[in-house]
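Chain D: place on chain Y using the hints.
Top line first, the protein sequences correspond to chains Y and D. Using the numbering used here, the first residue of the first sequence is number 2, and each one after it goes up by one. Using the numbering used here, the first residue of the second sequence is number 2, and each one after it goes up by one.
A hint or two may mislead.
It does not matter which identical chain is meant; a pair holds if it fits inside one copy or across any two.
Said to hold, decoys possible - Subject to a maximum C-alpha distance of 20 Å in a straight line, what follows is the list of computed EDC-like cross-link-like pairs (lysine to aspartate or glutamate):
1) LYS150 x ASP134
2) LYS10 x GLU325
3) LYS150 x GLU198
4) LYS150 x GLU201
5) LYS180 x ASP212
6) LYS57 x GLU31
7) LYS202 x GLU151
8) LYS58 x GLU31
9) LYS232 x GLU210
10) LYS289 x GLU151
Simulated from the structure, these hints should not be mistaken for laboratory data.
Number of protein chains: 2
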Amino acid sequence: MTTITDIAKKLGISAGTVSKGLNGAKDISEPLRQTILETAVEMGYAKKKTSKKEQKKLCILIENMDYYMKDDFGYDIILGFKQAAFKESFDAEVIPTSHEFQRNHPYDAFLLNQNCSGAFICGFAFDDPWMEDLKATNVPTVILDNFIKENPTVGSVGSDSDEGIGLAIRHLTALGHKKIAFLNGSKGSAISEMRLEAYEKNMRLQGLEPDPELLAYGHFVSAGVEEHVQKFLAHGATAILCGNDLIAYGVMAECKRLGRSVPEDISVIGYDDLPSSAHSNPPLTSVKQDRSKLGKCSYYVLYALINEVALSRNLLRTTLTIRESTHRLIPAAPDNQAQR
Amino acid sequence: MTTITDIAKKLGISAGTVSKGLNGAKDISEPLRQTILETAVEMGYAKKKTSKKEQKKLCILIENMDYYMKDDFGYDIILGFKQAAFKESFDAEVIPTSHEFQRNHPYDAFLLNQNCSGAFICGFAFDDPWMEDLKATNVPTVILDNFIKENPTVGSVGSDSDEGIGLAIRHLTALGHKKIAFLNGSKGSAISEMRLEAYEKNMRLQGLEPDPELLAYGHFVSAGVEEHVQKFLAHGATAILCGNDLIAYGVMAECKRLGRSVPEDISVIGYDDLPSSAHSNPPLTSVKQDRSKLGKCSYYVLYALINEVALSRNLLRTTLTIRESTHRLIPAAPDNQAQR
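Chain Y on its own, in the form it takes in the complex (with noise of 0.2 Å):
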């Protein structure tokens, strides 16, 4: 178990700074508060109760994504919620959750039960049985990557998708390229709905009409992109953009064994920046959700909720990393003009 010896070690200072950093004193710096606030929950420290009577916990519902390692997509998002509300003193436990598990304890019960003041869902597409209980639901409830309708106690948060397809396709068009494909993840999910409108709406923008045989759905994984990505060189996608990097990851593996190069003939772009893709082969152009901030604003859009302040779409910048996925349009040569 971590104890307040260990934060100090961690960070060079010592256990009396740590402790009043973890209590609150005011005789230390906020920045450096902020520090051992954080750090104390990267490394799993967990506070002693004090003597307030009730404690306060939040639940963080977790299903089909990954959240062990530094490399999973959930690892940073559920480390920005813990870390948020820990600094208003709440603890976050994360739970698995199951399809079965869901079927067999009705949402709200089951957090009365856990004794929880709210909770924090990731990872849940539209048939997850507990999707139904929401739109009811009275426990103050945010949910990553989806939407539920005309439930005050319910909010919403993601990524600015609009905003970053956005940055991805003035990015492709500044290079030259007109022709940019789109392999989208899953049909039906809420989030691939979103990007596929901002792809729409973006292309636009550019003066490019979408062309429906350079548009597919594929799934948030890298198998199965074979067919799409021939389909896109067929048509003649001079660039790719993907609904997630894992997609990225498949394409730019299909591109080369179908002899072309990535980014010379293919410019290629994913979307989340997940740490992996600084190493792909060629490094990954992708548009950057900030996990950790995704976390923390959905419990700074709990806490409104809590408070009875109904948000209910809430979206967050993002960026977009260049690394060398994507390349200047190179005019075809004559012979691979018929193709083209």
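The following block gives chain D in isolation, referenced to the frame of chain Y:
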């Protein structure tokens, strides 16, 4: 000047309890503490500075929005913001601005001078000089009903127009209306663009193709609606959805002047649900923006931005307040048929 005794008197509790509430003592209940804090702000109580070295201050920058009287659109927004900020020991000061003032004071320099940690901007339009400064500001800023692209320091807050307009259109279609006109606010404002998009989307969701003849921009005031109303009626409108309540008051007056009764001949819906809409003739059905909560969530978003969590767009839920200005569609009598 408001004293602890004044607050105690208003709430019917002892001055000692008020003092505990203001000082965060642990032996009073959380709901009571919240009530004490909110009442203190509402009564204009100014807490004496405590031992904290740094005073935390926020600015509310306002233009072109009334906020002095309880009925004014801005009153509850400002109050809600101040109440939420006060609970976390932020003082919030209202600073009215003008185009001239903005031109003479660069935004960041002005706020630095004011020793402000962040700002909340209300009532600004595209042509306010500071809108240009906001593209590159480093001061955490929340802007109401407007949006600044790609600056992670500026977040946007507004009501969820898509959901609000959707509620209004579904209410009208459930009453049998199909010819639903939309008299929007001023052209070229961010909020008008969002509401137009919401109108078109929600009409289509009801299987109704938006008719360009039933669509117009006005201004966010009662005056000057005559021409639009006459055109809508000539094109068979049976219901008119308005960009705000003030427009709706003008629309109802013009309908009556033309010998059409509201709601029997024409249903009218406003947007905002101002306090005065309960007393209009007839009382107005309106999409409610909870202005106090709009102010509160603006503070929460600003708090996230101050903590370097770059929220961009944030929407607050709306509800529909149904009063007497909407009515089931009455089929036209034969001699009116030609007109409809």
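Evaluated hints:
Taking the shortest Cα distances, LYS150 and ASP134 sit within 20 Å of each other inside one copy (12 Å), while across copies they are farther apart (36 Å). For the identical chains of this complex, LYS10 and GLU325 are neighbours neither inside a copy (39 Å) nor across copies (68 Å), given an alpha-carbon limit of 20 Å. Proximity of LYS150 to GLU198 under the C-alpha cut-off of 20 Å is found in both arrangements, the shortest distances being 19 Å within a copy and 18 Å between copies. In the homo-oligomer, the alpha carbons of LYS150 and GLU201 lie at most 20 Å apart only across protomers (18 Å), although the nearest pairing inside one protomer, at 24 Å, exceeds that limit.
Taking identical chains as interchangeable, the C-alpha atoms of LYS180 and ASP212 lie at most 20 Å apart only when both belong to the same chain, with a minimum of 8 Å there against 34 Å between chains. With identical chains, the CA atoms of LYS57 and GLU31 are at most 20 Å apart between copies only, with a shortest distance of 12 Å across copies and 23 Å within one. When the C-alpha separation of LYS202 and GLU151 is checked against a cutoff of 20 Å, the pair qualifies only between copies, where the shortest distance is 17 Å, while the shortest distance within a copy is 26 Å. For the identical chains of this complex, LYS58 and GLU31 are inter-copy neighbours only, at 15 Å across copies versus 25 Å inside a copy, given an alpha-carbon limit of 20 Å.
For the homomeric pair LYS232 and GLU210, the shortest alpha-carbon distance inside one copy (18 Å) is at most 20 Å, but the shortest distance between copies (34 Å) is not. In this assembly of identical chains, the alpha carbons of LYS289 and GLU151 lie at most 20 Å apart only when taken from different copies (13 Å versus 30 Å within one copy).
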